[in-house]
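Please take these sequences and the hints and turn them into a complete structure.
Quick mapping for you: the protein sequence lines, in order, are chains A, B, C and D. At the far end of the first sequence sits residue 308, using this note's numbering, and the numbering has no gaps. At the far end of the second sequence sits residue 308, using this note's numbering, and the numbering has no gaps. At the far end of the third sequence sits residue 308, using this note's numbering, and the numbering has no gaps. At the far end of the fourth sequence sits residue 308, using this note's numbering, and the numbering has no gaps.
Worth double-checking, as some hints may not be accurate.
Copies of one chain are not kept apart here, so a pair can be met inside one copy or by any two copies together.
[What the hints assert, rightly or not] List time: in silico EDC-like cross-link candidates among lysine to aspartate or glutamate, alpha-carbon distance up to 20 Å:
1) 4 / 51
2) 110 / 251
3) 110 / 87
4) 176 / 105
5) 270 / 51
6) 284 / 87
7) 79 / 221
8) 130 / 87
9) 3 / 32
10) 154 / 184
11) 176 / 51
12) 188 / 251
13) 284 / 153
14) 145 / 135
15) 3 / 184
Don't read these hints as lab results, they were simulated from the structure. In this text, all values refer to a predicted model and were calculated from it rather than measured experimentally.
Number of protein chains: 4
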Amino acid sequence: MDKKLFQYSIDSAMELGRKVIPYGDVATYIPELAKADKHALGIAVQTRQGELYTAGDCSTRFTIQSISKVITLCVALEKCGYAAVLDKVGMEPSGEAFNSIVELDLNSNKPYNPMINSGALAIADLLIGKTNFTELMEISRRLMKDPDLRFDEKVYQSEMATCARNRAIGWLLKSKDIISNDVEEVLKLYTAMCSMGVTAVSLANLALILANGGVDPQNGEWLLSASTVKVVKTIMLTCGMYDGSGRFAVEVGFPTKSGVGGGLLSVVDKEMGIGIYGPSLDSKGNCIAGNVMLKYLSQTFNMHLFHS
Amino acid sequence: MDKKLFQYSIDSAMELGRKVIPYGDVATYIPELAKADKHALGIAVQTRQGELYTAGDCSTRFTIQSISKVITLCVALEKCGYAAVLDKVGMEPSGEAFNSIVELDLNSNKPYNPMINSGALAIADLLIGKTNFTELMEISRRLMKDPDLRFDEKVYQSEMATCARNRAIGWLLKSKDIISNDVEEVLKLYTAMCSMGVTAVSLANLALILANGGVDPQNGEWLLSASTVKVVKTIMLTCGMYDGSGRFAVEVGFPTKSGVGGGLLSVVDKEMGIGIYGPSLDSKGNCIAGNVMLKYLSQTFNMHLFHS
Amino acid sequence: MDKKLFQYSIDSAMELGRKVIPYGDVATYIPELAKADKHALGIAVQTRQGELYTAGDCSTRFTIQSISKVITLCVALEKCGYAAVLDKVGMEPSGEAFNSIVELDLNSNKPYNPMINSGALAIADLLIGKTNFTELMEISRRLMKDPDLRFDEKVYQSEMATCARNRAIGWLLKSKDIISNDVEEVLKLYTAMCSMGVTAVSLANLALILANGGVDPQNGEWLLSASTVKVVKTIMLTCGMYDGSGRFAVEVGFPTKSGVGGGLLSVVDKEMGIGIYGPSLDSKGNCIAGNVMLKYLSQTFNMHLFHS
Amino acid sequence: MDKKLFQYSIDSAMELGRKVIPYGDVATYIPELAKADKHALGIAVQTRQGELYTAGDCSTRFTIQSISKVITLCVALEKCGYAAVLDKVGMEPSGEAFNSIVELDLNSNKPYNPMINSGALAIADLLIGKTNFTELMEISRRLMKDPDLRFDEKVYQSEMATCARNRAIGWLLKSKDIISNDVEEVLKLYTAMCSMGVTAVSLANLALILANGGVDPQNGEWLLSASTVKVVKTIMLTCGMYDGSGRFAVEVGFPTKSGVGGGLLSVVDKEMGIGIYGPSLDSKGNCIAGNVMLKYLSQTFNMHLFHS
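This is the structure:
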């Protein structure tokens, strides 16, 4: 791949992305998030060959939010195994929004998948006792190669003060014996994980580890097992973009997870990791500019899983 | 790939598959299907190199049922284009059973995806006027390289006489102006497509065309456009196994579509096409032995999309 | 009761009713109904003492629509008995709109009650073989003391041509074996019953029979058994105004059934029957002016079931 | 009414009731309730003429549970007015179980009615600031003429420790801004009200006040306004027996509210109040023997609202 061409294409993607920013909105349901600069936009691409491409606000810190679901799922799979995880949550897309209660109550004795809030709370419950937030921060720093990764206390407090719906989900899970620990403890761990301050570069690093089967291509270190990475990438593909996951898989075609802080984590398998930051969100809660950028890159460089 | 080893593995897969046949059941809601031999089992694998591997009842004719949804989707994409198809049906997994009405009525102004009955009826409606059953049979014969492919009148009549729920879905679609043609005509076309008699070999041939980007590897003929094939494979991956699609993608990891006649159509991208016949179904309506066989083959030969 | 005062109150009620007509709308989903004069309004009150009070368009013919559900329920109870009716439909308010499908499919093996479309179709199915439309017309003429009652062919044809949603409900009932006759026959009987042309006076006469325990107070003729009438009045009270039934019972407080043709049938138990015609409907499909008029009369004359 | 005959009928009702006790079960979801004597059964009837009829365990104390919803609704109507109450909760039967979450989340911006848990929590929220538990206990003592009415600390603690589902409902209401006070405070008030220890006689006294339009017939004291009582009786009729309310209204025909402690509160309008205690419950959570007893009494003495 020609480096100049690739950098040029990333810059073009940024241009296309910027054009749709006005059509989205910054998340407002968590007061601290509403303060984000709507027009911020950044991208980082880390390749297996060790190249780092960046553009725009790639070093701005923002909270990881739902992308932390990928990390907790990785850790749960590593520490508890696939069977224990599957016992707690399903692997099925729900066709519903990220904070759905209805599906959980009507159809199911466990959350549909670990990428929606109910599933992530169940995973957090599974991790309590086996790890703690300090260790999870440490693991996150290593997976993202980001020693400066820090806990954003303000966002955490803002979120804990306004998470009535997550608390409702937590208590519903408790009433169904899906959560065994104290609901408030589970919520705290879940929310703390959402409050890690990352950058587009941190996300690109994590994505590359996933693209490379769990191994850091720069030093050959095995950070995650191959089977964990395989499960996580598949679930990101089928469930990572909430109720827009199916269409995203068709039109872009690689595993991606979004967060309402504006982040996107994209895995171009065996090739590269992409991190994006852009807090202007579309109606489904996904970074609106990032969507356009990833689609452009996928088409330009044949990154779709089923490219011909 | 060593041919002997591969044939040996297929035989091993058959052995494993046979063991779970007793735990499944032949579909009974269509009287004619209930007559199938529960213990029948066959597999055919067609590789890009032109090898055909088979085992068991690979030449037994059975009705294609829901696997025909793959063909009608291909034809709709080719004849009407992606935008027109997307206007009729979504691309999202529904998290619901194949014959769900609730999701359609509650959440949506169009069916969730083209792999559930409501979506396939919408696609059939789109095709009326642009093609007809005779031409669709002809296309199917070519895609499956099966000149003996025939219309099973008995199954068709049996199904038309007992399809009250599909008729309800059809009229619900009509009431929402999603179907514009006569409901009975749409049902007839949909049911006729389900009643095509195929073999495991026919399915393997179709799967290989999809694996090879729409091109017949033996003669280089372009049967389907690359973009159609890309869309179809992605939707098979996210929605092909009904409400078991997510877990199947995690554990097996390649696009597959099932039919209640006992068929399975599996695409190992860029490598091979697999067709399976086994009318003993699991609780979600998928061939119970086939599931086991595909999982075994996926693990043995690293066929998972995200294999390392 | 002072006759002059009562007539004066009815005239006052009309005045109040007329004021809200502009806030409603004529039903448009059946093309023939859309032709109704939105500003028409009429009322008839028939007392047990034999007085008839009227005001406005009390002799205008309009189609009975859903109020026919009361008649078919009466006939089903008389001809088949309570147990057979209860076997087909529940007696519970659904909390859903009149044409709901979701509740039926999700929660239940029979329609919630006989006052919603699914329940009325089940009752129509029960009646086929035991009676026919000609006899039902004859019974209706007698219950309403309206020899001129006639079948409105135009509305019937218009409704049969546009009843896709009812057809969907019919087929869903068929798929669940709740309907045993031909779906189209059931739909025809149901729709024909909806297409009877009545007047406010006809409805007042029927309401008085119900108020008087099934007996015509003028000649002592027993038209309906006491137990039938008791069941019907209770169901009208809890389910007669669709998903506005509960609040109507609280605020007005006597059994009432509405139809989208603009009719209202109200039973002031042991005292009088009220019929209203006003095709301007509120958002729940009930005559908007009639609602106001009945509330006014209930308050003025202490007609609430639980008046003190 | 002949007193001997009436006492004899009550005794007969008891006999009939006892026969069905084995087919029910004591509530077990609150551990303290599981300790109740399944075979206990008592009834008290208080007439407007001042007669008290009793049979069986009519002086046994048990917790009032959901019947307290009637008292809090009365107090809310008196202190805040109908409009403020209607602003918080609907008046519609839900067709769902008492602890339903789905309806609340899907269809509505407020709970369906004040007789289900979500509605009662909304009412409790409304009362905070305007009254407190001490005053509500005092009001309850007066309405039930039961100076010995006491707070059952054990049941309260047991319930607070196991009310995960109610907590989930509370937080869901909070997330929708239906509850404005602290969720835990609302839950405590609601649960404390459920934990009042009453007897069948206390319930009969309360029922008589309701039957008599809010006035104590023995001393003429106005305890509740006529309009409050009218609203409450109507809602008890349409929503008092959970998703069995409609059929109960048809077959028994007077306002009744049940509690999972085994209590039943029945209002024979303008005539008498009935209290029943029997902790063996049917599948809908209503006293199984009481149902049979009330049906027998209704038929024997023509107590149905629409009796002829």
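Residue 130 and residue 87: within-copy, between-copy, both or neither at 20 Å Cα: Within one copy only: 16 Å inside a chain, 47 Å across chains, cut-off 20 Å.
Intra/inter-copy verdict for residue 176 and residue 105 if alpha-carbon distance must be at most 20 Å: both (9 Å within a copy, 18 Å between copies)
Alpha-carbon proximity between residue 154 and residue 184, which holds within one copy, between copies, both or neither at 20 Å: Within one copy only: 18 Å inside a chain, 24 Å across chains, cut-off 20 Å.
20 Å Cα threshold - placement of residue 221 relative to residue 79: Answer is within; shortest intra-copy Cα gap is 18 Å, inter-copy 50 Å.
Same-copy or cross-copy closeness of residue 176 to residue 51 [CA-CA at most 20 Å]: neither (48 Å within a copy, 48 Å between copies)
Within, between, both or neither, where residue 3 and residue 184 count as close if Cα-Cα is 20 Å or less: Classified as neither; 49 Å inside a copy, 58 Å across copies.
Homo-oligomer pair classification [residue 87, residue 110; C-alpha up to 20 Å]: Answer is within; shortest intra-copy Cα gap is 8 Å, inter-copy 33 Å.
Alpha-carbon proximity context of residue 188 and residue 251, limit 20 Å: neither (36 Å within a copy, 32 Å between copies)
Homomeric proximity label, residue 110 with residue 251: Cα distance no greater than 20 Å: Answer is between; shortest inter-copy Cα gap is 19 Å, intra-copy 30 Å.
Homomeric proximity label, residue 145 with residue 135: Cα distance no greater than 20 Å: within (15 Å within a copy, 57 Å between copies)
Identical-chain pair category, residue 284 with residue 87, by Cα at 20 Å: This pair counts as between: shortest inter-copy Cα distance 19 Å, intra-copy 28 Å.
Status of residue 153 relative to residue 284 across identical chains (alpha carbons, at most 20 Å): neither (26 Å within a copy, 46 Å between copies)
The structure is inconsistent with the numbered hints 9, 11, 12, 13, 15, although it conforms to all the rest.
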